[in-house]
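Hey, can you work out the whole structure from these sequences and the hints?
This is what each chain is made of:
Number of protein chains: 4
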Amino acid sequence: MKTKKVAVIGASGYSGEELVRLLLNHPQVELVAVTSRQNAGQTLAHVFPKFASHPKSKTLRFSEPKADLLAKQADVVFLALPHGVAAEYAVPLLDAGCEVIDLSADFRLKSAEIYQDFYAHDHPAPDLLKKAVYGLPEIYREQIKKASLVASPGCYPTSILLPLIPLLRAGLVKPTGIIADSLSGVSGAGRKAEVDYLFCECNESVRPYGVPKHRHLSEIEEQLSLAAGSNVVIQFTPHLIPVNRGILTTLYLEPVEKLTEEKISACYKKAYGNEPFVRLLEGKALPDTKNVVGTNVIEIAWRLDPRTGRLIVMSAEDNLLKGASGQAVQSMNILCGWPETAGLV
Amino acid sequence: MKTKKVAVIGASGYSGEELVRLLLNHPQVELVAVTSRQNAGQTLAHVFPKFASHPKSKTLRFSEPKADLLAKQADVVFLALPHGVAAEYAVPLLDAGCEVIDLSADFRLKSAEIYQDFYAHDHPAPDLLKKAVYGLPEIYREQIKKASLVASPGCYPTSILLPLIPLLRAGLVKPTGIIADSLSGVSGAGRKAEVDYLFCECNESVRPYGVPKHRHLSEIEEQLSLAAGSNVVIQFTPHLIPVNRGILTTLYLEPVEKLTEEKISACYKKAYGNEPFVRLLEGKALPDTKNVVGTNVIEIAWRLDPRTGRLIVMSAEDNLLKGASGQAVQSMNILCGWPETAGLV
Amino acid sequence: MKTKKVAVIGASGYSGEELVRLLLNHPQVELVAVTSRQNAGQTLAHVFPKFASHPKSKTLRFSEPKADLLAKQADVVFLALPHGVAAEYAVPLLDAGCEVIDLSADFRLKSAEIYQDFYAHDHPAPDLLKKAVYGLPEIYREQIKKASLVASPGCYPTSILLPLIPLLRAGLVKPTGIIADSLSGVSGAGRKAEVDYLFCECNESVRPYGVPKHRHLSEIEEQLSLAAGSNVVIQFTPHLIPVNRGILTTLYLEPVEKLTEEKISACYKKAYGNEPFVRLLEGKALPDTKNVVGTNVIEIAWRLDPRTGRLIVMSAEDNLLKGASGQAVQSMNILCGWPETAGLV
Amino acid sequence: MKTKKVAVIGASGYSGEELVRLLLNHPQVELVAVTSRQNAGQTLAHVFPKFASHPKSKTLRFSEPKADLLAKQADVVFLALPHGVAAEYAVPLLDAGCEVIDLSADFRLKSAEIYQDFYAHDHPAPDLLKKAVYGLPEIYREQIKKASLVASPGCYPTSILLPLIPLLRAGLVKPTGIIADSLSGVSGAGRKAEVDYLFCECNESVRPYGVPKHRHLSEIEEQLSLAAGSNVVIQFTPHLIPVNRGILTTLYLEPVEKLTEEKISACYKKAYGNEPFVRLLEGKALPDTKNVVGTNVIEIAWRLDPRTGRLIVMSAEDNLLKGASGQAVQSMNILCGWPETAGLV
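Going down the list, the protein sequences come from chains A, B, C and D.
If you're matching positions, the first sequence starts at 871 in my numbering and goes up one per residue.
If you're matching positions, the second sequence starts at 871 in my numbering and goes up one per residue.
If you're matching positions, the third sequence starts at 871 in my numbering and goes up one per residue.
If you're matching positions, the fourth sequence starts at 871 in my numbering and goes up one per residue.
Just to be clear, a hint being listed does not mean it is correct.
You can't tell identical chains apart in this list, so a pair holds if it fits in one copy or across any two.
Simulated crosslink set (DSSO-like; lysine-lysine; CA at most 30 Å straight-line) [to be verified]:
1. Lys1000 x Lys1133
2. Lys1154 x Lys1044
3. Lys926 x Lys1139
4. Lys1083 x Lys936
5. Lys1128 x Lys920
6. Lys872 x Lys1062
7. Lys1140 x Lys874
8. Lys1016 x Lys1128
9. Lys928 x Lys1140
10. Lys1083 x Lys1001
11. Lys1044 x Lys1062
12. Lys1016 x Lys1062
13. Lys1139 x Lys1062
14. Lys1083 x Lys1133
15. Lys1139 x Lys872
Derived from the structure by calculation, the hints contain no laboratory data.
Predicted, not measured: the structure shown is a model, and the values here were computed from it.
Printed below as a string of structure tokens:
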């Protein structure tokens, strides 16, 4: 199989670091460039001691992020940049013929207006919104195959959309009254030097935040509306918990009719029975982030509550892998025609 | 003020240990007996090295739990025992004239049938159910004053009932469709040598459990029904998170009419404005377990979501203090006519 | 007993916060001022939600640190400031007749030269070095009684000096070849927004740092030399471990003669047998930070190793209490003629 | 390259679980059997949900450990059993022609007497002690190639021996007065349901244990003596710290002559310059367990202290990988003639 040259722009955050780790060990990839303003000039081994055993880590140096230069070096470019900034790089890279996989929020929405509403600035490249494919492989695999710009989903959206979309598409749950209660590890806040994310502020602490209007709601609701065929507005409460990695989401749903465990099970098996990165839990098992951290797998379990009539669906994923870099690599594999699990198991 | 003699039966678990700590330092209390089958004969200092600086710790020894003996020694007896066992001690102690504060589930319900349904055995002393007062001081202060048997609430119930009861009593939220999503520290599972609660099984892990019918639902729903004046059935999902102590509960509620922040605020201030152990958060503050751990305080905050029309209420408490031993001492203070905050600040 | 007015300069760090907590609840203290440049104008309750239940927290506001103003308000002033800055405040406060308890390194050494060597700047007030008393109450109680300037020891020094000084004074161990291996919780690094102390950088991580010449060596060696009557140079390796609070120190010592467990035990009992904040562990017990965190107690245990002939001494303390703010309050109690344990148990 | 059939006896502990993970993904290995008394009959996917995405996990079931059966199924057998028990399986397996890699302490010593002294029971198969090779590949690679019984070293020994042996062999440090101070994650205690290893007993806690005569001293000192050419007795203090995985060891050594950083650096580069799993840290870097956890790498750094004349050497490893299962697989690779890094990167 042919190898491709790959670059990562913005490789010093937690997602960027995970991307680099995956790409260094990917059988089809030659990692040709990693950029970081603050680390420019330093080797991978110096910035990330844990990669120092990889032969490439002593020679590959961080460079300044320059789109024109990177466009000449790489076939595929990952953007692990803040929203707003990512779009600035996507435009010239796409013009130069690169395939672009963006981990920011810049191309996840179809509507520039909703972007403006949730991100508080004009969309920097609204023309590209139509071109971009939402990079949720289990849902948009065919579209990703033909995409040149993949908008890789956020960590919370992945943990909510994968369990919900099959149920909405099959009409098994109402598109109204949906509640998503999520617990996230601290790496979700990024490698930012802020007092709120110091060890002593997070350890032995649990707290909700961003209540009630978190930015990720925009992409979650857009995708759920597409699945339901009607406008979906959900309740979403994120919480910060003292683990490095992992998201646990509990969904509270209302069945449209008298649902049975068998129907739900059949729906999920039809949707995900052959998916390499979706694990449907059977029997008494419930999701546990420790069973998915370090992998690209999302665990899903469900319970019908006879007392309330509600359906409870729970998911667990690694926020930096299935919730970010792992999923982005999965999209690259699809887009490049490689085995979807390459470099991910 | 007069001093009372106090005993703790079952003092070797986490709640029992916290009780001992509080009672050792309580200005009105003389701790005369602590019992534990496994530690019988050993000093407090030996079993709990962290109490070793207290003068009493070198002389007070754990004894076998014998109700008749304890009844002669103590005026007030705390039961920190498993459900089913607690009732066996309560009967003779009450007969002997002791005041009993029970931290188990044995006397929290009014109905022996519901007890049987949730705890899977017949109630061991159904006649006492009428006599017992549910030990939530902010709600039942007057009843506790005259009680001889206080059934101190569980940790999850406290975190759910205190935020909910004023809203239901005032008719501000619907008694239907209530969801309580709770996160608990590992001490909630007790000091049990089980693989599930080993450090390596809990650290870097988050997981739901007991879905969908947790035992605490019985007392939660009974109390909510009393507050609402109608039968209340709620959705409750507990999760285990890697902290020693603390419960964070997020409540999803439906307003009965177009509620305003002001009405909610007024309702809470009326209910809890003068309560020493309820902290109503204002402005942008949200509950954080690290701000209540080690104290008998519960934090409560709320947000109306204009997008969904729902009311989100969040609470934080120390599961071993306001959720167990601190609240039990608060009840003792009321029952004995002492200042309610004695030994608790 | 008379009450004194007390101020804390630099009250927004972890030590400052603990000081405020202790002083708010101290029976002889009226806390009249807390300062913080960044929080000036805000109430205690706003900056530290966990103090919000204290009546004073709603009225006491952080002010700008102005020595002349504070000198008029307070009898006793605590300095919880960086080294170099503390001295600037100490001079005018002492001139104005205040008693000053400094938690920085500024007055811990007798020699301005050694200060310059370890802190890389000239001592800002060398004349005061003679006046200052090293605030280790178990060693310098008599001097503290008469002091107006107390230099409260650092967290590592306390964990090393208290176990070592009695042995050196009694001539039971050699003053050469001493090794101190220390493990510290992350609060020891202060509330600084630096990437190195983010949750994800400290959690699931253990690392040495500051090897081989840590600043605290200067005060440790000066004090050990005084105890030994000869110049002592030690090996000291600090490590950062993922706990909020606590220091565990392991000391490797060489007996001067064939020591026995009895002699060591007798030496420690003579030195600390009546000390309220030193816990000598007997039998099989070894120090554990969880038994001292939240208290002003230091635990000490020892073992003679017949295989190597060495004496191993281990200590555990809360770095923010016995290692900082608790000890500073202990010194205040002595200096003010109050019971030494006031506000500390 | 030829595939071999491999079995793991005792696969339900933490080391066994890691072994299974490595072997499931090893390119030359067919995992044919895993045994566990308590899990017999259950699939890998059931016992370890995190392996459930591996195709084999649904079909491979735990069996009862029966040596004769396993000898027919497997070419190579790993023993992840308690000491004493391992030897019982090694004898028949070797007789049947299997290659055996033992992770217990049973064959690590040359002397049955020392075994008896440290493990408090007679050696169960003393004749095999001569046959066994100590499985530290960087030291005994040539011997492992020809071995049929590999005694894979313990986690503490690996963290101490790899940094020390080159220095002793080169005569750069004295074989006397050596001190090893080690910090271990809780998985080192195994998956045992004991109160001491509960989350709440380990979290926010640090403690020494097993002072002063830990069992691992026997193999450490035997190996050091071989390297030094004289009898070596060391001081060793293990501590338990609240991380899942990782060992950090700090060694205090005395140079034989006026050593220079260059000499030490040259010695380590000669010993380990080409080793794939030893990372010599240069510049200001110090070991950090988070840089090695999840890998088979040991990090080593050193500092000469001009103040004390001592050499401080620090190492970090994953106790379950380089300290147990990873190293065992490394030995298998050597023994089977496969690339040494197969299945380990």
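Structure-based check of each hint:
1. Lys1000 x Lys1133: Close neither inside one copy (35 Å) nor across copies (45 Å); limit 30 Å.
2. Lys1154 x Lys1044: The answer is within: 26 Å in one copy meets 30 Å, while 33 Å across copies does not.
3. Lys926 x Lys1139: For Lys926 and Lys1139, only the inter-copy Cα distance (19 Å) is at most 30 Å; the intra-copy one is 41 Å.
4. Lys1083 x Lys936: neither (35 Å within a copy, 42 Å between copies)
5. Lys1128 x Lys920: neither (52 Å within a copy, 33 Å between copies)
6. Lys872 x Lys1062: So Lys872 and Lys1062 fail the 30 Å test inside a copy (37 Å) and across (48 Å) alike.
7. Lys1140 x Lys874: Answer is neither; intra-copy 33 Å and inter-copy 37 Å both fail.
8. Lys1016 x Lys1128: Cα proximity of Lys1016 and Lys1128: none, with 40 Å in one copy and 48 Å across.
9. Lys928 x Lys1140: between (46 Å within a copy, 19 Å between copies)
10. Lys1083 x Lys1001: within (27 Å within a copy, 47 Å between copies)
11. Lys1044 x Lys1062: neither (39 Å within a copy, 42 Å between copies)
12. Lys1016 x Lys1062: Neither: 35 Å inside a copy, 48 Å across copies.
13. Lys1139 x Lys1062: Neither: 40 Å inside a copy, 36 Å across copies.
14. Lys1083 x Lys1133: So Lys1083 and Lys1133 pass the 30 Å test across copies only (21 Å; inside, 33 Å).
15. Lys1139 x Lys872: Neither, since 33 Å and 37 Å both go past 30 Å.
The earlier numbered hints that this structure contradicts are 1, 4, 5, 6, 7, 8, 11, 12, 13 and 15.
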